[in-house]
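Residue numbers (the working numbering): 1 to 245.
There may be inaccurate statements among the hints.
As the list claims (entries may be wrong) - Below, a list of computed lysine-lysine pairs in the DSS-like style, where the Cα atoms sit at most 25 Å apart:
#, residue 1, residue 2
1, K198, K211
2, K81, K71
3, K143, K153
4, K81, K60
5, K143, K81
6, K153, K198
7, K212, K198
8, K81, K153
9, K71, K60
If you're looking for bench data, these hints aren't it; they were derived computationally from the structure.
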Amino acid sequence: MKALGVGLLLILSFCLGMITVQPKIIEFFISINWSKQSVANIAAIMAAIGTFSAVIVALKQSHEAKTEAEKNRQEATNASKEQINLYNNVLVSPPDMTNFFIGLTLTNIGQVPVQLQNLSCCFDTASTHMLVTNEMMENWSAKLPYILPPGAKVTFTINHMVLMNFARYAVQFGNGDPSNIRFSVSTNLETFYSEINKSIAEKVKILIQHKKEYIDAQIVNSQRAQEEYDSNKDDGAWLTLFKNT
1 MKALGVGLLL
11 ILSFCLGMIT
21 VQPKIIEFFI
31 SINWSKQSVA
41 NIAAIMAAIG
51 TFSAVIVALK
61 QSHEAKTEAE
71 KNRQEATNAS
81 KEQINLYNNV
91 LVSPPDMTNF
101 FIGLTLTNIG
111 QVPVQLQNLS
121 CCFDTASTHM
131 LVTNEMMENW
141 SAKLPYILPP
151 GAKVTFTINH
161 MVLMNFARYA
171 VQFGNGDPSN
181 IRFSVSTNLE
191 TFYSEINKSI
201 AEKVKILIQH
211 KKEYIDAQIV
221 NSQRAQEEYD
231 SNKDDGAWLT
241 LFKNT
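Work the whole structure out from these sequences, hints included.
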């Protein structure tokens, strides 16, 4: 029974992290009369404590292993994920500082190259996007498609004449309010958004006020042209052509 006491002491010491056990403590446990019923009960309690402590240690180690595995998985996912910081602003050109451009700046904050495919503007409530083409950008601006390496930054400079397109888009799809327009940049795998700059939105609002009749006429004409196109379109023409070839 004395051996049992020593064994229980060693188990308890290991589970509780007591690496160094004093000799006097060992002598004390050896001197106990383990044949007594009360001592036997204490030994059983100590054995249960040792078992419980071992279970706690095992559970803790299992939790730490799962946490470490999840951390490694997340790091691996982030390492292969496209990540872009996107914002837009107003650019002015010296010396008069009045001619302005719309600057859309993208920074690759991820660890993989990003291939930028297209640029558009959209409302959350509209399924129709307004495409911003390379023809709307300045000659010295970056053009799409564009490969952005990790840590690199690029600015697409859009001519201010595109504001008329913004105004028409806002009237036709956003109830005349351009404040909720968002720039949208699409890559091979992801789409990134940036709320339109307040200064740009204010300029579009002024344009809508001064050119409302002109914009409304453009919308009516485009709708008529679309209706005429749809009425003359033969969706089965391609099948007839296929059968005759």
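We went through each hint and held it up to the structure:
{"no.": "1", "hint": "K198 <-> K211", "in the structure": "holds, 20 Å"}
{"no.": "2", "hint": "K81 <-> K71", "in the structure": "holds, 15 Å"}
{"no.": "3", "hint": "K143 <-> K153", "in the structure": "holds, 14 Å"}
{"no.": "4", "hint": "K81 <-> K60", "in the structure": "violated, 31 Å"}
{"no.": "5", "hint": "K143 <-> K81", "in the structure": "holds, 23 Å"}
{"no.": "6", "hint": "K153 <-> K198", "in the structure": "holds, 23 Å"}
{"no.": "7", "hint": "K212 <-> K198", "in the structure": "holds, 20 Å"}
{"no.": "8", "hint": "K81 <-> K153", "in the structure": "holds, 17 Å"}
{"no.": "9", "hint": "K71 <-> K60", "in the structure": "holds, 16 Å"}
This entry does not satisfy hint 4, going by the numbered hints stated previously; all others are met.
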